[in-house]
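Participant: As a plain string of letters, each chain reads:
There are 2 protein chains.
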Amino acid sequence: MLDEFPCALTCGLPSALEAMGEKWSFLILRGALAGTRHFEDFQSTLGIARNILANRLARLVEKGIMVREPMSCDRRKVEYRLTEKGNELAPVMIALRQWGEKWECGVPSVPTLADRRDGQPIQQIRILSHDGRALGLCDLVWIYPDEIAPVGGVEEIAA
Amino acid sequence: MLDEFPCALTCGLPSALEAMGEKWSFLILRGALAGTRHFEDFQSTLGIARNILANRLARLVEKGIMVREPMSCDRRKVEYRLTEKGNELAPVMIALRQWGEKWECGVPSVPTLADRRDGQPIQQIRILSHDGRALGLCDLVWIYPDEIAPVGGVEEIAA
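Quick mapping for you: the protein sequence lines, in order, are chains A and B. In this text, residue positions in the first sequence follow numbering that gives the first Met the number 0: the first is 0, and each later residue adds one. In this text, residue positions in the second sequence follow numbering that gives the first Met the number 0: the first is 0, and each later residue adds one.
Everything labelled a hint here was simulated from the structure, so no lab data went into it. Careful, some of the hints might be misleading.
Note: identical chains are not told apart, hence a pair may lie in one copy or across any two.
[To be verified] The calculated DSS-like cross-link candidates involving lysine-lysine, where the alpha carbons are at most 25 Å apart (straight line), are:
#, residue 1, residue 2
1, K76, K62
2, K62, K101
3, K84, K101
4, K101, K76
5, K22, K84
The structure displayed is predicted, hence computed values, not measured ones.
Using the sequences and the accompanying hints, generate a full structural model.
Facilitator: Structure, rendered in structure tokens:
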């Protein structure tokens, strides 16, 4: 477990949740990451009420996570696509999916994600040290900006 | 962007969201990861209504993400602690916090998480290949269990 701290001075999590913070937004993003582009397709694959879907898509667009654009082939139709900001939610989504596989479903998700280059499944999403060691909660401490150790850190000072 | 696929056969994400799926649960988990244990402390740090907090804590206990136990020092008091299942949500929470830092706050979270061993901040949470290369969405494909390449994969076959 981490050491206690009284409260975060600034923390990206509440504002991230403000942008995302409920089930349907995550499921819309899952669809978008899997290539869904059109209102009707989101509606039919998710089984979500049309007014809720419209509301959540509008919010994701407003937050800059998706863009709403006329299709180049038929400008009467619109499509929803992820922005760079939206794409960068992929690690969150994949980590949550992997957790659900292990702790809720009990079976690996199908299909699964693999590296295009060699067809091997991706790693579990983990917390890594700056030099790539996997860290558990016991290995973590909270630090303030003025406490960041010089590279080499404790060992260098001790040497 | 990933190749399209019609719909997931099984996917850990919906069930993960069923267990987690709204803002207050994530914020309670953030508190728990930072060492908060008591109802009154969750209530005062989050500013959440008591009935909503009681409901969300009961749900997290029911889902096996937290446990509710009498304190060893005073058995009239109870504390809420993360289970192993709850602790394993840390990569999700940290990835979402990092995303919020970059895209919503625009400043690094304070305090930040570091490796206890050398005091260096942890890496960004990323998608990694089986051999540790960072992968973007363009590098990913969906595969089914019978499509998993033997280790060595494409290159070995091509050789």
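Participant: Each hint: holds or not?
Facilitator: We went through each hint and held it up to the structure:
When the C-alpha separation of K76 and K62 is checked against a cutoff of 25 Å, the pair qualifies only within one copy, where the shortest distance is 22 Å, while the shortest distance between copies is 42 Å. Taking identical chains as interchangeable, the C-alpha atoms of K62 and K101 lie at most 25 Å apart only when they sit on different chains, with a minimum of 13 Å there against 31 Å within one chain. Taking identical chains as interchangeable, the C-alpha atoms of K84 and K101 lie at most 25 Å apart only when they sit on different chains, with a minimum of 9 Å there against 27 Å within one chain. Taking identical chains as interchangeable, the C-alpha atoms of K101 and K76 are never at most 25 Å apart, the minima being 40 Å within one chain and 32 Å between chains.
Within a single copy, K22 and K84 get their C-alpha atoms as close as 19 Å, and across copies as close as 20 Å, so both meet the 25 Å cut-off.
Checked against the numbered hints above, the structure violates only hint 4.
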